[in-house]
Amino acid sequence: MSKSKPAISLDDRQQRILEAVVHDYVETAEPVGSAALLERHPLGIRSATLRSEMALLAEHGFLVQPHTSSGRVPSNVGYRYYVNQLMRDVTVPNTTIDRVDNRIRGNDHHVEAVLDASCQALADITGLPSLATPPATGVVSIHRIFLSPVTSTQTLLVILYDNGRSENRILTGFSLTAKESWILADALNEAAAGVSLTNLSDHGLPGIPRELIAFTAIWSVISSDVRTAARDMCSGVQVVVHRSEAALQHPEFRDVERFGHFLTLMQERAALLELLAGPALTESTVRIGAELGSSDLGSYSMVTAMYSVGNSQQGTIGVIGPTRMRYPEVIASVKHVAKTVGKVLQRLTFS
1 MSKSKPAISL DDRQQRILEA VVHDYVETAE PVGSAALLER HPLGIRSATL RSEMALLAEH
61 GFLVQPHTSS GRVPSNVGYR YYVNQLMRDV TVPNTTIDRV DNRIRGNDHH VEAVLDASCQ
121 ALADITGLPS LATPPATGVV SIHRIFLSPV TSTQTLLVIL YDNGRSENRI LTGFSLTAKE
181 SWILADALNE AAAGVSLTNL SDHGLPGIPR ELIAFTAIWS VISSDVRTAA RDMCSGVQVV
241 VHRSEAALQH PEFRDVERFG HFLTLMQERA ALLELLAGPA LTESTVRIGA ELGSSDLGSY
301 SMVTAMYSVG NSQQGTIGVI GPTRMRYPEV IASVKHVAKT VGKVLQRLTF S
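The opening position of the sequence shown corresponds to residue 1 in this note's numbering, with each subsequent residue numbered one higher.
Be aware that one or more of the hints could be misleading.
[Said to hold, decoys possible] Label-pair ranges, simulated between beta-carbon atoms:
#1 Q249 - S220: 50 to 60 Å
#2 R269 - K339: 18 to 28 Å
#3 A193 - Q238: 20 to 30 Å
#4 R347 - A290: 34 to 44 Å
#5 H67 - L160: 55 to 65 Å
#6 R269 - D11: 38 to 48 Å
#7 A270 - R99: 27 to 37 Å
#8 Q85 - N199: 43 to 53 Å
#9 A193 - E257: 48 to 58 Å
#10 T228 - E283: 32 to 42 Å
#11 A290 - G207: 52 to 62 Å
#12 Q267 - S175: 11 to 21 Å
Since the hints were derived computationally from the structure, they do not count as laboratory data.
Note that the structure is a prediction, hence the values are computed from the model and not measured.
By construction, the Cβ of each residue, glycine as well, lies at the ideal position given by its N, Cα and C atoms.
Let's have the full structure, built from the sequences with the hints guiding it.
Next up, the structure:
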């Protein structure tokens with residue numbers, strides 16, 4: 001999880017007060033006053049002492065007071081301290097695990113279906129919009145190539161990538177028998193299997209083996225299509241987005257202007273891709289407010305995790321929403337879904 005050293009340290013009492021304010025504000029979406037804190041939490045201090053400590057927390061930037069007569073709410077600094085120092089890990093309920101796993105494993109036909117189902121599941125259990133990137137093409141290579149005659153002038157080229165994705169292309173202008181297709185496919189796999197897509201997109205396939213020189217023209221056509229497919233894959237990184245209707249019920253979106261800004265953000269794939277490409281760890285990454293890299297995102301937080309296929313980090317999945325979110329539950333959910341995605345893609349890739 002992304003961690004930064006707090007500007008100052010808080011004593012035990014101040015930590016308990018900050019934790020209580022975060023808890024109550026996340027639950028109620030209302031500024032938290034000292035009287036309410038004393039009523040809900042066994043802090044063991046007098047009201048005057050609590051007001052003094054809350055004022056000190058505000059002075060150091062951990063709390064803010066939206067209005068003169070209102071209580072306090074956590075600042076982004078306060079959320080960061082809470083996530084780094086005070087937050088307790090939680091586990092995802094077994095019923096939720098079963099629901100998520102069944103949805104993802106029931107849509108394991110191809111990578112896009114897995115990511116779409118994963119984003120839907122994550123949005124459902126967190127109540128926040130979810131997003132994911134497909135496996136990074138920079139470390140993707142061809143797993144296997146198949147050739148099969150379709151008609152007297154058409155041949156089916158099937159390319160399986162080691163990230164679980166696949167592509168079908170119809171080649172025309174020549175004919176192959178089933179035996180010739182098998183021989184050529186075997187040679188193509190010798191030449192291309194395990195070669196990265198970036199390498200193939202730049203250089204294509206190596207020259208045809210000497211014993212197959214009679215198929216030079218056909219080899220050239222296939223090589224051109226493989227190179228084109230590699231280029232398309234490398235340049236076609238997309239973001240899978242699933243908007244949660246529950247997210248629109250957050251009080252933060254009662255402001256029409258802010259709501260419109262958020263909807264615009266969720267439609268800008270390039271901006272979302274840039275956010276997902278930010279610093280991330282295998283476990284999870286939490287970025288709050290300005291840590292997202294834009295002043296326009298100061299009131300949002302993003303929780304992401306990398307999913308892996310085998311020993312390689314492949315892609316990112318996560319959620320974005322108001323800074324007022326249930327961080328322990330959201331982080332646990334994102335980590336679980338990322339782990340499940342990795343397992344499903346591992347099986348899909350090597351099956």
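Comparing the hints with the structure gives:
1. Taking 50 to 60 Å as the suggested C-beta distance range, the pair Q249 and S220 conforms, at roughly 58 Å.
2. Taking the beta carbon of each, R269 and K339 are about 25 Å apart, inside 18 to 28 Å as hinted.
3. Our hint of 20 to 30 Å for A193 and Q238 holds, since their Cβ atoms are close to 25 Å apart.
4. A C-beta distance of roughly 40 Å is found between R347 and A290, which places it inside the suggested range of 34 to 44 Å.
5. At roughly 60 Å, the beta carbons of H67 and L160 sit within the given window of 55 to 65 Å.
6. Between R269 and D11 the CB atoms are about 46 Å apart, so this pair conforms to the stated range of 38 to 48 Å.
7. With their beta carbons about 32 Å apart, A270 and R99 fall inside the hinted range of 27 to 37 Å.
8. In this structure the supplied range 43 to 53 Å holds for Q85 paired with N199, their Cβ-Cβ distance being about 45 Å.
9. Against the hinted window of 48 to 58 Å, the Cβ-Cβ separation of A193 and E257 comes to about 54 Å, which satisfies the hint.
10. Taking the beta carbon of each, T228 and E283 are about 38 Å apart, inside 32 to 42 Å as hinted.
11. The given range of 52 to 62 Å is respected by A290 and G207, whose C-beta atoms sit roughly 54 Å from each other.
12. Between Q267 and S175 the Cβ separation comes to about 47 Å, which falls outside the hinted range of 11 to 21 Å.
Of the numbered hints listed earlier, the single one contradicted by the structure is hint 12.
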